[in-house]
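Chemist: Residue numbers (my numbering), protein chains in the order written: chain A, 54 to 535; chain B, -4 to 394.
Keep in mind the hints are simulated off the structure, nothing from the lab.
A couple of the hints might just be wrong.
[As the list claims (entries may be wrong)] Derived pair list, reagent style DSBU-like, types lysine-lysine, alpha-carbon separation capped at 30 angstroms:
hint	chain 1	residue 1	chain 2	residue 2
1	A	311	A	429
2	B	257	B	276
3	A	310	A	266
4	A	310	A	429
5	B	19	A	183
6	A	439	A	497
7	B	19	B	44
8	A	270	B	257
9	A	513	B	276
[Unchecked claim] Restraint ranges, calculated between C-beta atoms of paired labels, are given here:
hint	chain 1	residue 1	chain 2	residue 2	range
10	B	157	A	345	25 to 31 angstroms
11	B	179	A	339	41 to 47 angstroms
12	B	248	A	83	20 to 26 angstroms
13	A	353	B	29	50 to 56 angstroms
14	B	87	A	81	39 to 45 angstroms
15	B	29	A	196	24 to 30 angstroms
16	A	334	B	338	49 to 55 angstroms
17	B	187	A	260	55 to 61 angstroms
18	B	248	A	81	27 to 33 angstroms
[Unchecked claim] Covered by chain B, per the in silico footprint, the following chain A stretches (three or more residues, Cβ under 8 angstroms):
hint	stretch
19	137 to 149
20	323 to 329
For each residue, glycine too, the CB sits at the ideal point set by N, CA and C.
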Amino acid sequence: MDFEAVIGLEIHVELNCATKMFCDCPNRPGDAPNTHICPTCLWFPGAVPRLSRQALEKAALLCLGLEAELQPVSAFDQKVYYYPDLPKGYQLSQAHLPLSRGGGIEIPGEDGQTRRLRIHHIHMEEDVAKLVHEMEGRLPISLVDFNRAGAPLVEIVTEPDFRTACEAMEFLKALRTRVRYVGASECSMENGTMRVDANISVRPAGSDRMNTKVEVKNMNSIRHVGDAIAHEIARQSAAVQAGEAVILHTRLWDPDKKATVPMRAKFEGPCVPDPVVPVIALSAEWIADLRGRLPEMPAVRAERFMACYELNGEEAAFLSAEPEVAGYFEALITEGVAPRMAMHWLSTQLMPAVRERETALDACPVTPARLGGLLKMLARDEINAKAAREVLGLLFDEDGSPEAIVRRRGFGQVSDTAALEQLIDTVLAAQPAAVADFRSGQGKAMGFLIGQAMQASGGKANPKVIREMLAKKLAADSIESP
Amino acid sequence: MEELFVHRPAEATASGNGPLHGMKVALQPNCSVAGWPADAGSDALADFKALEDATIAGRLRQAGAVLCGTTRMSEFGFGLHGSRAGEAVRQGAADAELVLDLMGESRLAALRASVFGFKPSYGRLSRLGIIGLIPSMECAGLVTADLEVIAKILDAVAGADEMDFSMPAEPAADPEDGPIDPSRLTIGVIAEALQGLDDDAQAGFRQTLAAIRETGATLLDLSFPEFSLFPLAHQVVGAVEASSCAGRYDSVRYGRRAPGAKNWNEMYLRSRGAAFGPLVKSYLFQGAYFQFERYGAFEAACRIRSRLVARMDRLAAQVDVLALPAVDLAGSGNAASLGDTYARFGATLFANVTGQPALVLPPCPGTGGAGLQLTAARGGDGRLLALGRHLFNGRGGKA
Ligand SMILES: [Zn+2]
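Please construct the entire structure, taking both the sequences and the accompanying hints into account.
Modeler: What follows is the structure, given as structure tokens:
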């Protein structure tokens, strides 16, 4: 029997706000344990939560970036469960009245058609504390780090629109791009600012039944999400084929075993409206104002790049995938670099160099102005491509403009024919065999002669000028000699 | 005899020299004062000391009041079982007491001590640093022998608190405290509020109304057919809120952690099981039942609550003030069961459901123990106090 999978995702994104969601503590969960805590995020008796304006704004921007509809009224609920990472007994979350409903992302389908994967709703919630398990001698102890308690999160809950692991991965990549665009989060599964749970069930292909689902957690990269989903589809299909029943439970992805393993369920109770955090009412003006602050989103930007800069779809998608890359590209254009040259140097030279040096595009010393200066010298034939690549390397380590570096290091290209005249005569005199080959019609001897001339110039001659001059000289000599 | 104060500071502290200069105010251990024990009457918070002042405690001090200590309270202020609220004022040990009012505790404590009791509008006083059980209904109430003291304290402590977003940033417009013309005064009487009083109390309350009519005011009979639903709305919504909100009183990070557990789940369960007294425990169980098993009934109770609020608003808008009986409906028993506790507060809990202000004047002699309870629309605290003063003086200022 052929099986089809039905997959829905629940994605937690940690917002990059300065403070926690309900107090003024810094939102830096990674710092030394329990350094960012106060009576509110420890939930001491008498504490009153105060919803952060920035958390609300970032969450709402994220919703708009995913084409979701912000709700005029939303509210927090108490999601009741007992666990030492949540010692107050409930998590503030939005269960009944979420911040937004609807929304979705279009991804390229495997058949070449675009497919829209829908979002059911997006809600805000606070993160819980982190548990650290250690041994004190032979005694196992558990420590609670409250730095993360109350950190601002949003949860994006999709419709069960996904059919393959590949679709889930494409969706997550596109989602990450959009969230980065609006500046709400770094959205990295590797460092835990994006956490994904997948709900998976299988059914006979073509059926529209919704079967019992299994939840899979603990993936820490987009690739792992794909692997875990693929594994779980295979596991469930085999089970159904063998006549076994699928039961509702949660499984953890084990990246070493490359398999999902069952986990013990955490008790979860119902949600009741929180009586303390005020209801959130968003006015139409507030939403319009926020919409005005929404940057140009990646799909729109890619289309503009194709139209304005004559790039193909793949190039435009590449350049618009990361807001930093797109911004850098446009800054190069503003500097006066031709679009194709900017695209080429950004993708094949600068970005690999940035990765190699483990820095970031927006933090590296090669600013668009400096790289733009270098590329304009290249376009004007003041240096050649080889020298330009070398100067790029130097721009990471040396101060000063590219022009100054070229001058200081003597990378300047010699295009002056008077200066090259003698050099070419010397090469021709020293290479009579190559000259003879050329004259007998062996074109590749030209390449050899250019190489000799370049070497003689110490790499500084303009190869275009050398070629022209050599061609002229050899043509003139060949008329004279018979 | 047991010492009245469970905690007395070594030296009573007042930092300001303001309008409350020298006034002695007694608190309950649910109102945070930095460094003071704040167990809210519960083993779940045993030995917990407040880290910072509640906003209202800080404002009292700044206004010059002397915080003279805390008196014994019922567990989380729920009911009056085991509470000594009102005694400090009756004995002259304090000029005023702050008493947490979840169902009418401050008002019945005042009645018990034959003094004034006032529950401000919900949102009038900051909640920061107040430990309680039913966030949407409870409020610090005032008990005092002097009506002027209520207004002075309210002036000093009420108003927006940037640390409590649940308060309106702008205080609700409080009608002008202008002159009162007795002949133009209309006082609403809700007929259904008299149901459930015994004959003596009914007769006593009618006698009080007759005395008010003699001052020249007009009495207007009003009908509130659903008035009898107030206890139900209070109990279902209150129990669910309590059950969820009490989760933070885990008796693990503070309170008494139960010994001998094999793992942390067991430790949490045992500690919580040992932490709460029987009354609160049965209340939390009831809340958990609605939360887990009858969520629809909880939602229905929330809808009923909205209806009750809307109806009360309409009635309050028709008159200057509403007059209801103030009666302690304690049965003969010890009133420690949930049913008895709710029955006892039958005359007062409506104001906790709606959030409106309520003022209890002590009963005149021969009124069957029925005091006069005045109430107005939410936010009308100042005018309510002025009218209360007028009516009290009208009957010769007699208690
Ligand atoms: Zn904090």
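Chemist: If a hint holds in the structure, say so; if it does not, say that too.
Modeler: Here's how the hints hold up against the structure:
As the CA atoms of residue 311 of chain A and residue 429 of chain A are separated by approximately 50 angstroms, the hinted pair breaks the 30 angstroms bound. With a C-alpha separation of about 24 angstroms, the suggested pair residue 257 of chain B and residue 276 of chain B falls inside the 30 angstroms cut-off, and the hint holds. For the proposed pair residue 310 of chain A and residue 266 of chain A, the alpha carbon gap of about 22 angstroms is at most 30 angstroms, so the pair holds. Between residue 310 of chain A and residue 429 of chain A the alpha-carbon distance is near 53 angstroms, which puts this suggested pair outside the 30 angstroms criterion.
For the hint pairing residue 19 of chain B with residue 183 of chain A, the CA-to-CA distance comes to about 45 angstroms; that exceeds 30 angstroms, so the pair is violated. Taking the CA atoms of residue 439 of chain A and residue 497 of chain A, the gap is near 22 angstroms; set against the 30 angstroms cutoff, the hint holds. Annotation: proposed proximity of residue 19 of chain B to residue 44 of chain B holds, straight-line Cα distance about 22 angstroms (limit 30 angstroms). For the hint pairing residue 270 of chain A with residue 257 of chain B, the CA-to-CA distance comes to about 28 angstroms; that is within 30 angstroms, so the pair holds.
For the hint linking residue 513 of chain A to residue 276 of chain B, the alpha-carbon distance of about 89 angstroms lies beyond 30 angstroms, and the restraint is violated. For residue 157 of chain B and residue 345 of chain A, the hinted distance range of 25 to 31 angstroms is satisfied, since their beta carbons lie about 28 angstroms from each other. Hint check: residue 179 of chain B to residue 339 of chain A, Cβ distance near 44 angstroms, so the stated range 41 to 47 angstroms holds. Between residue 248 of chain B and residue 83 of chain A, the C-beta spacing of about 23 angstroms keeps the proposed range 20 to 26 angstroms intact.
Separated by about 55 angstroms at the C-beta atoms, residue 353 of chain A and residue 29 of chain B satisfy the suggested range of 50 to 56 angstroms. Checked against the given bound of 39 to 45 angstroms, the beta carbons of residue 87 of chain B and residue 81 of chain A, roughly 54 angstroms apart, lie outside it. One distance hint, 24 to 30 angstroms for the beta-carbon pair residue 29 of chain B and residue 196 of chain A, holds here, with the actual separation near 28 angstroms. In this structure, residue 334 of chain A and residue 338 of chain B break the distance hint of 49 to 55 angstroms, their C-beta atoms being roughly 39 angstroms apart.
Judged by the Cβ atoms, the range 55 to 61 angstroms given for residue 187 of chain B and residue 260 of chain A holds: they are separated by roughly 59 angstroms. One distance hint, 27 to 33 angstroms for the beta-carbon pair residue 248 of chain B and residue 81 of chain A, is violated here, with the actual separation near 23 angstroms. Evaluation of the coverage hint for the stretch 137 to 149 of chain A: fulfilled, as 5 residues show C-beta separations to chain B shorter than 8 angstroms, against a requirement of three. Interface restraint, the stretch 323 to 329 of chain A with chain B: holds (5 residues with C-beta to C-beta distance below 8 angstroms; minimum three).
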